Every structure is written in C-alpha cells, then in structure tokens.
Amino acid sequence: MKISVASIAAWSRESRAVRHGFESKILLSSVKNMAKKIGAKTKTPMMCQDPQVRAHNFNEVALGYREEEAVFEANRCIECKNMPCIAGCPVEIDIPSFVKAIAERRFEDATRILKSRNSLPAICGRVCPQEEQCELKCTLGARFEPVAIGRLERFVADWARAHMAEEIPTKRPSNGKKVAVVGSGPAGLTLAGDLVQLGYQVTIFEALHKAGGVLVYGIPEFRLPKNIVQQEIDYLIKMGVELKTSVVIGKSLTLTELMTELGFDAVFIGTGAGLPSFMKIPGINLIGVYSANEYLTRSNLMKAYRFPEYDTPVIRGRNVAVVGGGNTAMDSIRTALRLGAENAYLVYRRSRAEMPARKEEVEHAEEEGVQFHMLTNPVEILGNEKVRVRSMRVQKMELGDPDESGRRKPIPIPGSEFELNVDTVVMAVGQGANPVLTSTAPDLKTNKWGNIVADPETGATNIPGVFAGGDIVSGGATVILAMGAGRKAARAIDQYLRELNLNATPQPQEAEESTVPN
Amino acid sequence: MHVIVGRKQLAPDVVQTEVEAPLVARKRKAGQFVMIRISEEGERIPLTIADSDPVRGTITLIVQAVGKSTKQLNQLQPGDTLVDVVGPLGKPTHIEPNANVVCIGGGIGAAVVYPILKAYKDSSSHVTSIIGARTKDLLILEQEIRARSEQTIVTTDDGSYGMHGFVTDALKKLMNNGKPIDLVIAIGPVPMMRAVCRVTQEAKIKTIVSLNPIMVDGTGMCGGCRVMVGGKMQFVCVDGPEFEGHEVDFDELTARLKSYVEFEKEAQARYENICGVHCGLES
Ligand SMILES: Cc1cc2nc3c(=O)[nH]c(=O)nc-3n(C[C@H](O)[C@H](O)[C@H](O)COP(=O)(O)OP(=O)(O)OC[C@H]3O[C@@H](n4cnc5c(N)ncnc54)[C@H](O)[C@@H]3O)c2cc1C
Ligand code: SF4
Ligand code: FES
Chain A
1 MKISVASIAA WSRESRAVRH GFESKILLSS VKNMAKKIGA KTKTPMMCQD
51 PQVRAHNFNE VALGYREEEA VFEANRCIEC KNMPCIAGCP VEIDIPSFVK
101 AIAERRFEDA TRILKSRNSL PAICGRVCPQ EEQCELKCTL GARFEPVAIG
151 RLERFVADWA RAHMAEEIPT KRPSNGKKVA VVGSGPAGLT LAGDLVQLGY
201 QVTIFEALHK AGGVLVYGIP EFRLPKNIVQ QEIDYLIKMG VELKTSVVIG
251 KSLTLTELMT ELGFDAVFIG TGAGLPSFMK IPGINLIGVY SANEYLTRSN
301 LMKAYRFPEY DTPVIRGRNV AVVGGGNTAM DSIRTALRLG AENAYLVYRR
351 SRAEMPARKE EVEHAEEEGV QFHMLTNPVE ILGNEKVRVR SMRVQKMELG
401 DPDESGRRKP IPIPGSEFEL NVDTVVMAVG QGANPVLTST APDLKTNKWG
451 NIVADPETGA TNIPGVFAGG DIVSGGATVI LAMGAGRKAA RAIDQYLREL
501 NLNATPQPQE AEESTVPN
Chain B
1 MHVIVGRKQL APDVVQTEVE APLVARKRKA GQFVMIRISE EGERIPLTIA
51 DSDPVRGTIT LIVQAVGKST KQLNQLQPGD TLVDVVGPLG KPTHIEPNAN
101 VVCIGGGIGA AVVYPILKAY KDSSSHVTSI IGARTKDLLI LEQEIRARSE
151 QTIVTTDDGS YGMHGFVTDA LKKLMNNGKP IDLVIAIGPV PMMRAVCRVT
201 QEAKIKTIVS LNPIMVDGTG MCGGCRVMVG GKMQFVCVDG PEFEGHEVDF
251 DELTARLKSY VEFEKEAQAR YENICGVHCG LES
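Protein chains in written order, with our numbering: chain A, 1 to 518; chain B, 1 to 283.
It should be emphasised that the hints constitute simulated quantities derived from the structure, not laboratory data.
Dumping the calculated PhoX-like pairs for lysine-lysine here, alpha-carbon to alpha-carbon at most 25 Å:
#1 A/K280 x B/K258
#2 B/K71 x A/K303
#3 A/K244 x A/K178
#4 A/K238 x A/K115
#5 A/K386 x B/K265
#6 B/K91 x A/K244
#7 A/K409 x A/K396
#8 A/K280 x B/K232
#9 A/K226 x A/K359
#10 A/K178 x B/K27
#11 A/K448 x B/K232
#12 B/K27 x A/K210
#13 B/K91 x A/K448
#14 A/K445 x B/K91
#15 B/K265 x A/K303
#16 A/K115 x A/K171
#17 A/K386 x B/K258
#18 B/K232 x A/K386
#19 B/K118 x B/K27
#20 B/K204 x B/K121
#21 A/K244 x B/K27
#22 A/K244 x B/K29
#23 A/K303 x B/K258
Treat the numbers as computed from the prediction; the structure is a model and nothing was measured.
Just chain A, with the same shape it has in the complex:
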C-alpha cells in the first residue's frame, strides 16, 4: 500500500472528528515507523469531544492519544543530536528517551523516564504551555510542526494510570525531622513528595477544605479532571504525608507557632497568588460582576454547576463577557458557555498574538463558539434598577510602543466606544499576592507587590529555616514553574537540615547524598 504525506494529513484531519470506526490498526501497521521516513509535517491530532457537544458539558474536552496515535507521533521525532527540547523543559525531562520508548512501545520505560523528573505528568501533560517550552525548541519545529511532546506526556501518564500498579517508592527511614508545607498547590505537593521520600515527616496545611490549589479551585474539570489531582494527593498520603485542610496559616496558626510550639524544623510557603484584581471602572460592584477566582471557585471547588444538588449557586448568565487573555480568562469564558451562555465574549485589550493563554485553550474556546473582542477594553459596566449588570461599555484599542514588559502598549482609540449587551462580567485581569500569611509574619521579607523575597535557586527567605516558592514568590506563573520551585526548595531544605544536624552533633555523621532529582 502506498501512502502519501497528503493522505496521512487527510487521515489525521479526519481522525480528529471520528473516533469510532477508526481503521487505524490496518493503516498504522502498514505505516509502522513510517511517520519519520515520510516526514509527517503536522502533529498527529488529538481526539476531542465535538465542540458543539462539549460546550454544554463539564467532561474533559481533549480525549488523549490512543496507543497507535502515540506511537505514530513518537515516530515523528528525528532523534536530532542537540535535543534542544530538554533545555526547553523547566524540569529537564529526558524527552528524546521517553519519546523513543513510546515509539518502541516500551510504555513502562517511558513512564519511568518521565516520572524520574516530573512527579505530576498527567497534570503537566494537560496544562503546561508546551508551545512556549519544549515544543518551541524542537528541531522539527523549524520547518514543520514540532513533535507533540505535551500530548505524548499525557499519553504516557494516562497509560500508566490505567496499566501500571501504583509503585510506592521505598522511602528512607524516618530521620526524625519535621517539615511544614503551607499551601497544597503544585509547589507544595511537589516539595512534600520529594521530602517524604527522603525520610522527613511532612505536614501540609491547606486553607481550603480541599487540597490541590489552583488545580482544584481554578482549573475546570473539562480541562483537568479532578480525579487526576485527587489521585496524586492520595498517593502523597500513602507515602506518609500528613494533610491538614481548613487550616489557615496566619490565622489558625502562625508561622512562628509552626517553628516553635509545633516543632517544625523547616517551613515551606507555597501559598500561591490568591488575590483577585478588579478594574477601577464604574459598575464594578454590580450583581453579576465576578472575579475569575470567585466565578471559578464557585463552579469548580463548590460545584455550583451541579446546583441544586450542591448548595453553592453561581449566576448562569445568558450573555457573558470575560475580561482578560490568560488561561484564567479562557477557563472562565468556557465555563460560562457550559453554564448555558448563549453569547460568550472574550474582551482583551491587546491582540490575539499577545494572549498569554495556552494556544490549545484559545483554539478550543474558538471552536466552542467564544466570540473574541480583541483590542477592546471595558470603560464602564452599566446596571439596571435591580443593581444587576445590563451591559458593558467598551472601547477599541490600538497597539503603541512597547512598555516595560516589552509588550506593545494598548492605547484607547478616541470615539470608538460601543456597548456589549451582557448580564454577567468576569474579571480575569491578573492576581496579586494574598497577604493572609505575610501580614502576620512581619519579619518575612516581601517586595512592593507583596510577593515573598526568596533565593531563586533555593527558595530560602530572609528567615532561617523558612523557604518559599511558586506563585507567592514569582507572581502568577505556571504549574510547572511552581513544581520546579518546590523541587529546588526540597533539595535546599534537605541540605539545610543536614548541615544543621552536622553542626549540632559532634560525632561525624554518615554523609548521605541527596536523592532529590535536580
């Protein structure tokens, strides 16, 4: 059978829409390892729920590769010499090796390679901005589409969840040292996993009633199923991590109490960027104006989309505008659709090219029928006699010279104002640092935005034994960077406590190498 590049491309396109009756076995067995030879130019598409259907349910949108698709895609890797993808990955996963293992159907090996660097691959495969990281660097990307590394990562993680018995790694015997982790987002979870393996007694304190940070209260089910996050948390608990939810550090207990009365030898602060911003425009407090945090928390964490089965309500707007261009904005507007919006407008003051959201999310939003108002900015929200939103006045913008951030600054175009007929407005215009902990720890050094000042390599703060990482240090960033910060801090805490121990005990101790991966 002769297969042309064109027919592969056509098949690929088709496979996006039809999952059933897919004759891939015959096709693929004959093209085994041919992806490379014939040089498929585009990524193997990943099956998704039909946009018309998924816009009305909360089930996961992207369905992931099947084995044949993953093997085919893995074969697109040309095993180039420089392997620039590795450097593009914030945790330096050995991408070529795991991709090769997939190509050779050694899925267990692929899992081990992946997990040796990334403890949450099922999550990262779904939410990392791969197009700015590994895939941006991929050699193939210079002429064609890069290898779909993110989709392969997700495939391996999901394959392992379905096929491999959970391995509880052997822990070091307890070393009698206690570490407190404040916040259970990706930074805190990664650090807890690393330290418990080294024999530390780790306790996570989480303010909310559920662990996971943004992964549970922010990112919706349709993008990251909550059972995946829960599985990771259960795994940590099986490893011996103690989890205390509904404890607010700074209120229920203070940082000082953790270090003194409760006897923790070190504390890691991974409290995230949980302070919503509101635009300073008239009408911002009308009923129907939400911060993205509130809108998403109601819907995700509190399951308002299942009201009245769950008690928490959320306004189900008919015409909804979300202001912003990041992942938070995409998650909000797509939630609005699923809550029944007839018109879902995304209002962003720059152009599509500047949108910080993951590319795939922007594409998915568009497919689902989100209407984009680019280069547009709200000036006022108008209310009716019941103090509820009735419309939003916006104005058109144009891009001027680059500002401090290097991005071109949006400038209002005079006389370009118009009204959007909306009943709900969600503000997804950035996050500040939540001050609940820092305001009760005056000795802890913060910068002018309230972020904790910490050494980027170790997470060490100005207080000995107190480390910090993730969004509370960097400002709103990404899951993988928060995980990276957790990992670095785990290594630093291990080193710090072993040095303390050496100084405290006169007898020479058996020097042990840290086994936290770099």
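Dock chain B with the ligands against chain A, hints included.
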C-alpha cells in the same frame, strides 16, 4: 469532622450550637468568625464566633435559620458533625480601653455584639447595651448581656417587652441624657445599622458596624465579599468584618446581599420538600 457537643434553642428560629474546633477555640478573639460547611455538598457560610472554650476546645455559634444551610444547621443535634470549620477569620475587634461604649444588637446581631461587649467590659470600659427585637419571643442573650453591661435597654418593635420602639429610639434617649458617648457599636440587619449610623453621624459619634456580605472562601481570595468603605474597595473577610459605619456604602451592600435570592428560594423549597418527605416517612 467537627462534632457538635451542645445545642440550645434560644428563640423560635435561633439555635445556639457548640461545636468542637480546638484550633479555632485556642486563637479566636472577639469579632472574628469561622467558615463552616455542613456536608460534602454544602456551601461555605460565615458565622460569628459567639463564644469559645479553649480548654474544652469548642466554639459557640448562634444561628438564625434564614436559608437552606442555616435551617439545616439548626436541625443538627449533639453527636452530629460538620465537615469543615475553619478560622478564626477576619480581624479581631479593636478594643479601646476605658471608653464609654454603647453596644447595640438588633435581632440576631445580639449574638455578634455579645463577644465584643464582653471584651470591652474586660478592658474596663463602661458598657451600655441596647438589644432590640421585633417581639419578645425573638429576644436572645438578654441575661448574658445584662450580666456584662453597666446598663441594658431592651426594645421591642411591638412593645411586647421592654421599651416600645426601635434601638435607635433608645440610642437617641441615651445621647440626650447620658454622659458623652465615645463609641457606638451597632450590629444587626443592614437597615438597622444604617439607621444607627444616621443618628450618630449628626452627633459625630464614632460608630463601628460588623458587615455580613456573601462569602465564598473567607480568606481574601475571591473578592465576593467586597464592599466600598470610604470610596475604597474592601474585602470584608480579611479587612473586616468591622468598619467605620459612616463610611460604608450600605446601598451597595443591601443590593449585593440579594445576588442569589432566586437560587435561595429554589434550594429552600427543595430542602423543605426532601425534609418533608423524609420526616413524613419516619412518622
Ligand atoms: C484559572 C487558572 C488557570 C490556570 N491555567 C494554567 C495552565 O493551563 N497551565 C499552567 O501551567 N498554569 C496555569 N495557571 C497557573 C498555575 O495554576 C499556577 O501558577 C500554579 O498553580 C501555582 O502553584 P502554587 O503551588 O504556587 O500555588 P497555588 O496553586 O495557588 O496553591 C496555593 C495554595 O495555598 C493555599 N493557601 C494560601 N494561603 C494559605 C495560608 N495562609 N494557609 C494555608 N494555605 C494557604 C491556597 O488555598 C492554595 O490551595 C492557571 C491559574 C489559574 C488561576
Ligand atoms: S527536539 Fe524534537 S526532534 Fe529533537 S529530540 Fe526533541 S522532540 Fe525529537
Ligand atoms: S469571601 Fe472571598 S475574598 Fe472574602
């Protein structure tokens, strides 16, 4: 899990519940609140901590059944549990020692003002209390408040007990006869707090109110509890709950409290329906 260890009916729809929450009991100060969730499907609701016992590790909540969750809470009996109790949240009351203070509690507000007047009393202030209710049966904590105030005035709207009239009438009287008032603390339904503020504004008496907007997290993360105070946006759960009453935009607060009326009706109807069926089966 937090076990309910005590329950007392204070008025037809008002129940005092004592619940285990050792961390909160240890830390809490007057003016602070907790967020609770009754069950896995439950919403997070803010409740003022009326009292605490650090030794037993319990806190006292006094709750008026107004919506689905509060009705459900007030049905719970000793031995039942709440899935979450988190706190203490919000800023403690700022106590000015040696002041001449008038503490006003309207309706269920008496439960909120009670820990505050206790704290004032302990700081050797002169405390005059005014508690008001629509009618005699709805008055709560009268004995407790009398025991901790130099003077206590009780008002009822219908004249069934104490002074016939509103708490503002009692306040005006005090302002006319008594010695100069340093501070008024007014807690209760929004219209009452606003009425008190009108009275004290003319006389330029500093007035503190405790606000009760709709909350979600209670930790400053969502902004759902925002109110305008002196033209500035404040998050009640972290910047409050107490604010200078003369600065508060009560109109906006009143409107925002009605954000979910339709949902509340639906939830209540559903709850009563289920409960009705359930209770019917049992009897
Ligand atoms: C809606 C949304 C979508 C996003 N989508 C993506 C995406 O697709 N890809 C991506 O890479 N990134 C995404 N991000 C960003 C990413 O989620 C964050 O960068 C990351 O979660 C930060 O992790 P963290 O561990 O620092 O903190 P968080 O995940 O914010 O977790 C912090 C935790 O600490 C708790 N906490 C706070 N204060 C206290 C206290 N005083 N005591 C106890 N606990 C406390 C909080 O309740 C929270 O659970 C998104 C963010 C949002 C909001
Ligand atoms: S850069 Fe691309 S082609 Fe090269 S090894 Fe990595 S995935 Fe393969
Ligand atoms: S309740 Fe969410 S910020 Fe106050």
